[in-house]
Amino acid sequence: MSAKPWRDVIAVDDLERNWVTRVQLGDRLIAIYDTPSGIHASLALCNHGGADLCDGYFDGHVIECPLHQGAFDVRDGRPVAAPATRPMRIFETRVQDGMVQLRI
Amino acid sequence: MPLTQALAEGKLTREELKTFMQRSDGPALRRLALWIMVLAGTTTLITLAWDSWLIWPAMFLHGIVLVHHFSIQHECVHYTVFRTRWLNDLVGQICGIIIMLPHRFFRYEHCDHHTYTQLTGKDPEQVPMPRSYGEYLLYLSALPYWKAKFTEVARHAAGRLSETERRFIPREEYATVIRDARVMLAIYALIFAAMALSGWWGLIWYWIIPVFLGEPVMRFIRMTEHVGRPSVAQMSENTRTNLVSAPWRFLCWNMNYHAEHHYVASVPFHALPRLHEKLRDHIHVEPRGYLGAHLDILRQIREART
Ligand code: FES
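Protein chains in written order, with numbering that gives the first Met the number 0: chain A, 0 to 103; chain B, 0 to 305.
Some hints could be false.
As the list claims (entries may be wrong) - Looking from chain B toward chain A, a few residues come up when the C-beta cut is under 7 Å (computed):
no.: 1; residue: T3
no.: 2; residue: D24
no.: 3; residue: L60
no.: 4; residue: I63
no.: 5; residue: H77
no.: 6; residue: Y78
no.: 7; residue: C110
no.: 8; residue: P169
no.: 9; residue: S265
Claimed, not checked - Sample of chain B residues lacking proximity to chain A, with all beta carbon distances greater than 12 Å (derived):
no.: 10; residue: A185
no.: 11; residue: I207
no.: 12; residue: I208
no.: 13; residue: E236
Quick caveat, the hints were computed from the structure, so don't treat them as lab data. Virtual Cβ for every residue (Gly too), placed ideally from N, Cα, C.
Please put together the full structure from these sequences, using the hints given.
Below, the structure is given as structure tokens:
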């Protein structure tokens, strides 16, 4: 069992539709993705060169980094385009009472 | 990152950015159709001029179009030509074969060009500022370029990567880069074998000589992007946007809007003119186009010598 608690991060109504929204959580930047299969979340900074994925291009389930166009599948964090080669860190998400919650 | 900076400084709103970044397959497919028609036209010119000296200007013209496959490939590197991701990979690879530039290797190299734009010693694509007219002309001849490219492909095919390359290629991808170089050389060998077997050597006249004749034009254009601009990290300083006429914009897939491209590399070619309208006051623009950029470069050579 994961001991990590669920934490409210943003109201569902405040999310950018079919796009990525940036959220600051403590000292961490989190990217929240509104996708056809629901809401997903990951660390916002790209694990290739540290660019902010929230300024990138988002299409379906793929977030593309604005600096080098490396890309990740937001459902499992898998890299889908070079120069991204390592999976990005994703978080478990759910919606409760109109709030997006992350286990973090 | 310049984009994050531009957003923070209000040069661009998030909504505008989102609109500019939207991808689709339509504009590129239409442009490619026109592209193929232009290629068919210049190919026909070579055929018509076959038995006369006019074949040389015809090959030069055709070569100018051929070397601009670099522009498509470059756009594919950024995945901005087509919304359908694999189409960018496919078209990029094909363009790479036409101009002998393995696609994935170029992609990794180009990443560092975007990270360290115009920073001497760090930008792997930096074209050095010529110190003399001789150096200037030598660069434009494309001889140093071809020497570097042939050495590079041969080195990769032999399984070796340089220190710098090891820095910008992810370790997991070393083998891919080496395999790509081998595949490219194998494709060329096959093409030559097919020509030898069939006795039809036409591709030398329709492809190989034109590419070599045309490459100086590509060098001329590539110089206008950064050469003569300061070696600093500010995107508004280190890159030049050149205002050029419609046929050149068609050929280079709007990459004359180079500073805009560096600001937001995720914006597709067809949205760059609109992005230019937003950013024009925040970047370095050369209104006289490619020629103006070269006048600027030549002036700097002259001034450095006196
Ligand atoms: S910083 Fe994200 S792909 Fe390089």
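Status of each hint after checking the structure:
Taken as an interface hint, T3(B) checks out: its beta carbon lies about 6 Å from the nearest beta carbon of chain A, inside 7 Å. For D24(B), the suggested interface contact is broken, since its CB lies about 12 Å from the closest CB of chain A, more than 7 Å. Taking 7 Å as the C-beta cut-off, the interface hint given for L60(B) is violated, the closest approach to chain A being about 33 Å. Taking 7 Å as the C-beta cut-off, the interface hint given for I63(B) is violated, the closest approach to chain A being about 28 Å.
Taken as an interface hint, H77(B) checks out: its beta carbon lies about 5 Å from the nearest beta carbon of chain A, inside 7 Å. The interface hint given for Y78(B) is met, as the beta carbon of that residue sits about 5 Å from the closest beta carbon of chain A, less than 7 Å. Of the supplied interface hints, the one on C110(B) holds, with its beta-carbon coming within about 4 Å of a beta-carbon of chain A, less than 7 Å. Because the smallest distance between the Cβ of P169(B) and any Cβ of chain A comes to about 5 Å, under 7 Å, the interface hint for this residue holds.
This hint holds: S265(B) has a C-beta 5 Å from the nearest C-beta of chain A, less than the 7 Å allowed. Listed as a non-interface residue, A185(B) keeps its Cβ farther than 12 Å from every Cβ of chain A; the least gap is roughly 22 Å. The beta carbon of I207(B) is kept farther than 12 Å from every beta carbon of chain A, the shortest such distance being approximately 30 Å. Listed as outside the interface, I208(B) is consistent with that label: its C-beta sits roughly 34 Å from the nearest C-beta of chain A, beyond the 12 Å cut-off.
No Cβ of chain A comes within 12 Å of the Cβ of E236(B); the nearest lies about 19 Å off, and the non-interface call holds.
Violated hints, listed in ascending order, are 2, 3 and 4; each of the other numbered hints is respected by the structure.
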